[in-house]
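**Student:** Single-letter residue listing:
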Amino acid sequence: MKLSLVGVSHHQAPVELRERVAVDLEGAAALAAEFADGCEAAVLSTCNRTELYLAADEDDGLEERAVVRLLELAGDEAAALTPVLYRLGDQAAALHLFRVAAGLDSLVPGEGEILGQVRAAYEVGAAGPLLDRLFRQALHAGRRARVETAIGESPASVPAAAAALAQQVFGELSGRRVLVVGAGKMSELAARNLVSRGASIAAVANRTAAHGEELAQRLGTRSVGLDGLAEELRTADVVVTSTSAPGFVLHAALARESLRARHGRPLLLVDLAVPRDVDPALAAYDGCFVYDIDDLEAVVELALDGRRVEAARAERIVAAEAERFREWQVSLAVVPAIASLRARAEEIRVGELARARLERLSESERTLVEAITAQIVNKLLHLPTVRLKEAAAAADGVIYADVVRHLFGLDEDERRP
Amino acid sequence: MAELLVWPALIAYGEAAFAYAGELRGPGLAGRLATWGVRIGWLAQTALLLAQAFDVDGFPWGTWAGALNLFVWLVVGAYLIWGCRPGYRLLGLAVMPLAATLLVAAWVGGGTGTETGGHPGWLSAAHAGLMLAGLAGFTLAAGMAALYLWQERRLKRRDSRLLRLRVPPLESLDRLASRTAAVSLLLLTAGIVAGLASLQWSDVDAAMLVTLGIWTLYASYFVLRREPGLRGRRAAGLLLVGLALIAVVLPITHFAS
Numbered sequence: 001m002k003l004s005l006v007g008v009s010h011h012q013a014p015v016e017l018r019e020r021v022a023v024d025l026e027g028a029a030a031l032a033a034e035f036a037d038g039c040e041a042a043v044l045s046t047c048n049r050t051e052l053y054l055a056a057d058e059d060d061g062l063e064e065r066a067v068v069r070l071l072e073l074a075g076d077e078a079a080a081l082t083p084v085l086y087r088l089g090d091q092a093a094a095l096h097l098f099r100v101a102a103g104l105d106s107l108v109p110g111e112g113e114i115l116g117q118v119r120a121a122y123e124v125g126a127a128g129p130l131l132d133r134l135f136r137q138a139l140h141a142g143r144r145a146r147v148e149t150a151i152g153e154s155p156a157s158v159p160a161a162a163a164a165l166a167q168q169v170f171g172e173l174s175g176r177r178v179l180v181v182g183a184g185k186m187s188e189l190a191a192r193n194l195v196s197r198g199a200s201i202a203a204v205a206n207r208t209a210a211h212g213e214e215l216a217q218r219l220g221t222r223s224v225g226l227d228g229l230a231e232e233l234r235t236a237d238v239v240v241t242s243t244s245a246p247g248f249v250l251h252a253a254l255a256r257e258s259l260r261a262r263h264g265r266p267l268l269l270v271d272l273a274v275p276r277d278v279d280p281a282l283a284a285y286d287g288c289f290v291y292d293i294d295d296l297e298a299v300v301e302l303a304l305d306g307r308r309v310e311a312a313r314a315e316r317i318v319a320a321e322a323e324r325f326r327e328w329q330v331s332l333a334v335v336p337a338i339a340s341l342r343a344r345a346e347e348i349r350v351g352e353l354a355r356a357r358l359e360r361l362s363e364s365e366r367t368l369v370e371a372i373t374a375q376i377v378n379k380l381l382h383l384p385t386v387r388l389k390e391a392a393a394a395a396d397g398v399i400y401a402d403v404v405r406h407l408f409g410l411d412e413d414e415r416r417p
Numbered sequence: 001m002a003e004l005l006v007w008p009a010l011i012a013y014g015e016a017a018f019a020y021a022g023e024l025r026g027p028g029l030a031g032r033l034a035t036w037g038v039r040i041g042w043l044a045q046t047a048l049l050l051a052q053a054f055d056v057d058g059f060p061w062g063t064w065a066g067a068l069n070l071f072v073w074l075v076v077g078a079y080l081i082w083g084c085r086p087g088y089r090l091l092g093l094a095v096m097p098l099a100a101t102l103l104v105a106a107w108v109g110g111g112t113g114t115e116t117g118g119h120p121g122w123l124s125a126a127h128a129g130l131m132l133a134g135l136a137g138f139t140l141a142a143g144m145a146a147l148y149l150w151q152e153r154r155l156k157r158r159d160s161r162l163l164r165l166r167v168p169p170l171e172s173l174d175r176l177a178s179r180t181a182a183v184s185l186l187l188l189t190a191g192i193v194a195g196l197a198s199l200q201w202s203d204v205d206a207a208m209l210v211t212l213g214i215w216t217l218y219a220s221y222f223v224l225r226r227e228p229g230l231r232g233r234r235a236a237g238l239l240l241v242g243l244a245l246i247a248v249v250l251p252i253t254h255f256a257s
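Protein chains in written order, with the numbering used here: chain A, 1 to 417; chain B, 1 to 257.
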């Protein structure tokens with residue numbers, strides 16, 4: 001069987017082109033179904049790529065059909081899409097999918113979402129024996145890359161870095177109280193990231209009450225004015241600020257009494273605003289940690305460097321998995337010969353047992369003879385089967401298969417009506 | 001012959017101490033090697049202590065060197081409860097160099113041999129065992145406090161490599177150090193009570209007064225923690241002061257008297 005891949009990704013195509021050919025999960029299922037007649041098909045469509053994976057016994061213009069279909073999706077941008085489309089076959093296509101599943105082809109190396117998207121594409125696709133094995137092994141490679149390396153461990157964005165820092169201070173975030181100061185997009189993103197790790201939003205404090213109320217409703221909490229900040233500081237564990245105020249919103253004079261009342265209980269202040277909202281002098285207080293946007297970006301930058309180092313280890317895992325897939329795929333060439341050989345052996349065994357008049361034996365004796373002869377056949381054929389598969393992996397499979405057919409007269413069997 | 005068991009223990013503890021330094025560069029093989037070093041070393045030292053217990057006529061850990069040998073075993077044993085978890089491996093960087101050094105001192109002082117020991121009676125033996133267990137717990141709590149201060153400093157300095165190392169969260173360190181100190185205080189109290197049972201007023205010496213001072217310091221730690229809510233950097237500092245008192249004053253007063 002031949003494996004083909006036709007696709008477009010963020011490496012060559014800008015978002016204006018990618019969005020033209022992007023399809024949702026239902027669209028991916030429908031597109032895969034279009035190609036399912038006589039072949040296997042799966043469509044992986046994310047914000048960074050749209051790829052058609054196809055497998056068939058004969059090429060039969062399948063790749064061309066896939067290209068034409070993608071150009072149809074692109075509509076009047078078809079001319080711009082043509083030069084950025086890529087086509088890969090067999091081992092290259094398999095290696096590509098394994099790299100995608102491991103997050104090695106992503107914009108942020110090791111991002112975790114892609115593994116779920118590959119699984120979804122597999123589940124809604126029209127997979128047969130080849131694509132079934134390909135996608136299962138791709139998911140396995142993706143999981144191995146994440147478990148055996150630290151590629152997905154470090155935060156890859158400022159909100160994720162803020163949440164990771166909070167975990168460095170508090171450990172589990174469940175039950176931790178987050179105070180959001182300012183109704184900006186960044187503070188909302190950081191707050192949502194903290195909530196996804198178990199924290200709860202205590203309040204939203206904003207200068208404009210209407211905006212604060214709006215964000216508070218979205219986050220399922222209450223809103224307070226900036227004059228209530230000092231009181232909220234006494235009980236909060238994490239404060240995320242992102243206002244457009246020209247000066248400090250949280251200055252030392254305002255927070256001094258609240259911080260003293262905490263008796264050294266940790267407080268993480270995440271300042272995402274420019275100009276800054278939090279007076280850096282607050283860091284001098286016992287248990288008080290102040291991080292501004294530059295600090296968080298430095299953490300993210302270093303984390304991404306770390307991910308790149310881990311990516312080299314993940315590449316080795318993916319290459320090993322791709323090699324296993326290649327061995328499996330080439331072994332398919334000798335499967336008919338192995339099946340014929342086993343069928344011939346079984347036919348001989350059954351024939352000889354029939355001639356031996358086993359009815360003279362008791363039931364248990366007959367069962368024993370059946371088991372022993374089956375075991376002898378299995379043991380005799382085990383090593384030739386293994387060697388045939390090994391030879392297939394080393395590209396000698398077809399020669400070995402022919403030799404086996406000739407030696408055991410399998411061709412005559414196959415010709416027999 | 002049993003004394004030879006000190007060598008595998010020493011080598012394994014030394015290997016662990018060096019390997020933990022490697023863990024500072026990032027989590028990985030060094031940390032795993034260190035953990036195995038601690039496990040193997042502790043098993044070897046356990047075998048040594050068992051051999052001493054069977055071979056020696058009397059109580060083998062009555063001398064300062066013998067007590068040090070038992071003390072190291074207790075410290076490493078308590079560390080093993082958490083130390084195998086990846087997040088707590090760096091605690092070994094505070095504990096294992098100390099353990100290896102103290103075991104060398106115990107060996108030099110003859111505390112790992114199988115010569116005849118004293119006959120202090122079961123109450124005094126219980127007193128010594130409980131006191132040593134309590135002090136070992138305080139040492140481990142101080143190790144956690146040191147790790148707390150180090151990690152707190154990194155957080156304060158906004159070190160961008162902060163997420164590279166696996167270090168327990170600050171609050172976990174604070175809580176765990178406090179719990180360890182609480183258990184240790186109970187053991188120390190039981191040890192003091194066992195000692196008082198066989199005490200006469202004429203026996204009171206500087207070592208006993210220092211021991212009471214240590215008890216008072218840790219008891220104050222818990223009172224301050226409960227009432228004004230002492231925690232964080234100051235609580236960690238108090239645990240380190242306690243260790244300094246144990247490490248410097250107690251041996252001088254106890255074994256010199």
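Since the hints were made in silico from the structure, they are not lab data.
Some hints here could point you the wrong way.
Said to hold, decoys possible - One-sided and incomplete, this derived list gives chain B residues near chain A with beta-carbon spacing under 10 Å: (1) R85; (2) K156; (3) R161.
None of these values were measured; they are calculated from a predicted model.
Ideal Cβ placement from N, Cα and C applies to all residues, glycine included.
**Student:** Can R85(B) be said to touch chain A, with a Cβ gap under 10 Å?
**Tutor:** Violated - the Cβ of R85(B) stays beyond 10 Å from chain A, reaching only about 13 Å at its closest.
**Student:** Mind checking the CB of K156(B) against every CB in chain A and telling me if the closest is under 10 Å?
**Tutor:** holds, 6 Å
**Student:** Can the hint on R161(B) be confirmed by a CB-to-CB distance to chain A that is less than 10 Å?
**Tutor:** holds, 6 Å
Checked against the numbered hints given earlier, this structure breaks only hint 1.
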